[in-house]
Amino acid sequence: MGEDRKTPLYDEHVALGASMTPFGGWLMPLRYTSDLAEHRAVREAAGLFDLSHMGNINVTGPDAAAFLDHALVGYISKVREMGARYSMICAEDGSVLDDLIVYHHAPGEYSVIANAANAELVLGKLQERTAGFDVVLKDVQPGQALIAVQGPRAVEIMLATEGLVEDAEISGGTAFADLKYYACMGMRFQGEPLLVGRTGYTGEDGFELWVPADRAVALWRALLAAGEPLGLVPAGLSARDSLRLEAGMPLYGHELDTTTTPFEAGMGRVVRLDKVSDDGTPVPFVGRDALAARKESAPARVLVGLRGEGRRPARADYDVVQRGVGTEVGAVVGRVTSGAPSPTLGYPIAMAYVTPEVSAEGTELAVDVRGRAEPFVVVPMPFYRRPQN
Amino acid sequence: MADFPENLKYTTEHEWLDGSTPAVIGVTDVAAEALGDVVYLELPEVGATIEAGSVVGEIESTKSVSELYSPVSGTVTEVNAEAVDNPEIVNQDPYGKGWLFKVEVSGTGELLTAAQYAEHTGS
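The listed protein sequences correspond, in order, to chains A and B.
Counted the way numbering that gives the first Met the number 0 counts, the first sequence spans residues 0 to 388.
Counted the way numbering that gives the first Met the number 0 counts, the second sequence spans residues 0 to 122.
I should point out that these hints are in silico values taken from the structure, not numbers from a laboratory.
A virtual CB, placed ideally from N, CA and C, is assigned to each residue, including glycine.
Certain hints may be false.
What the hints assert, rightly or not - List time: in silico DMTMM-like cross-link candidates among lysine to aspartate or glutamate, alpha-carbon distance up to 20 angstroms: (1) A:K294 / A:E356; (2) A:K77 / A:D62; (3) B:K62 / A:D318; (4) A:K179 / A:E155; (5) B:K62 / A:D316; (6) B:K62 / A:D240; (7) B:K62 / A:D367; (8) A:K5 / A:D213; (9) A:K294 / A:D256; (10) A:K124 / A:E91; (11) B:K96 / B:D17; (12) B:K62 / B:E32.
As the list claims (entries may be wrong) - Which chain A residues face chain B? A few, computed with CB under 8 angstroms, are given here: (13) S33; (14) L35; (15) S237; (16) R311; (17) A339.
Unchecked claim - Over 10 angstroms on every C-beta distance to chain B, these chain A residues come out as not near it, computed from the model: (18) R79; (19) I100; (20) G107; (21) T173; (22) E191; (23) Y200; (24) L229; (25) D273; (26) R306; (27) D316; (28) P374.
Working from the sequences, and respecting the hints, build out all of it.
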């Protein structure tokens, strides 16, 4: 392992007083001031995130769509131009190698956004799977920064950002005012083209902006300057984690890993066994046979949401147990994958893999919190859903 | 910036205590900063007999859990109910409103001066 890498915004984070932490091979801001304040800002106004650590693999060539149908579990050839899709890359045995977002950001051109810790692995696996396809892969993560603006005031902030403008020449046919959730468009910042996706990992409305590294600091500052009067604050990984947990979004390494298929994680919908190629024959994508079999078999464990009835939060790797008498710890029925006090809801929330017998909504369970059983109950996810206007 | 009042004594586990009787005990701003936002406190029972250096409770933040060690031996006379109800005051005012518990002291463990503690934390 080499030294942790720094994003083009590293000096900005340090100047803002961030606590920096190693994450996926990068040195990233954990928090600037307070986890809770940053979390609440995203729910009530907006937060600014540096996500430049995320892997970004460009896929081009005549077979780009067919290749992605083969390499990923999703039906990528159905993603319209300027659309985005949440997907996964699986091994032959159906286990999850990473979860991804694919942007169809130009005719026949795609970007695959991978988790930082998996970026190299994903690039290697994709490369292996190119055999027989006329396609070119390029790691475009170096030289780029990724900045996210997330929260109910994100639209206003984007509109108020100096130097960030629309240009019909490169927009891909969409006006900013019409940009849909899970779609993307081209814009310009200080004259340079950049890709803007209306996507995120917080459960709020928001945008993700890919900017050349040499403009990253200028864009970060311009967004902050425009947003601060509207309540925008820089937000770290800690807030990002509690936000995604409230939104019921999985985190690779917690809910997803190489011992898990998308079905156990409750994400079976991303697996498109119905994919067909241009000639109408089923696409034998990587992992298809294992996943088709897996879909038909009863799962050994399922991912559920848990709501704490007390005040003590459950944490990743704690045992889920049968509820017994008082604080007595009962038989183990599962394991927590993520857990925290929910800043928005005011009670502990957790995701856990449990045996199917105890997975029904309303089932009263407990979590072994360092030797004491704390009461939790199975609830539907997401825990938090943003108000629709 | 880290702040260590001169009138307090400190431990390497980042607790402080004052010289009053009974002694007031809390955690330092270095601890509060490192923990992040405190969301849950588990404090010893009033009347409990505790020993210097032993685990007497837990401090839980949004991201992690830390054990709370007692810097002294003695009997717990009071716990800060306001901090239990509003744990964020531990972050806001670790040496004031965010105190944790009071002890009728019968003996002490190894204690540091403000200067020694500052050196220990590299502040």
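Hint check:
no., hint, verdict
1, A:K294 / A:E356, "18 angstroms, holds"
2, A:K77 / A:D62, "14 angstroms, holds"
3, B:K62 / A:D318, "18 angstroms, holds"
4, A:K179 / A:E155, "15 angstroms, holds"
5, B:K62 / A:D316, "14 angstroms, holds"
6, B:K62 / A:D240, "9 angstroms, holds"
7, B:K62 / A:D367, "18 angstroms, holds"
8, A:K5 / A:D213, "14 angstroms, holds"
9, A:K294 / A:D256, "18 angstroms, holds"
10, A:K124 / A:E91, "11 angstroms, holds"
11, B:K96 / B:D17, "14 angstroms, holds"
12, B:K62 / B:E32, "12 angstroms, holds"
13, S33, "5 angstroms, holds"
14, L35, "4 angstroms, holds"
15, S237, "6 angstroms, holds"
16, R311, "6 angstroms, holds"
17, A339, "6 angstroms, holds"
18, R79, "39 angstroms, holds"
19, I100, "25 angstroms, holds"
20, G107, "43 angstroms, holds"
21, T173, "37 angstroms, holds"
22, E191, "37 angstroms, holds"
23, Y200, "17 angstroms, holds"
24, L229, "23 angstroms, holds"
25, D273, "41 angstroms, holds"
26, R306, "16 angstroms, holds"
27, D316, "12 angstroms, holds"
28, P374, "15 angstroms, holds"
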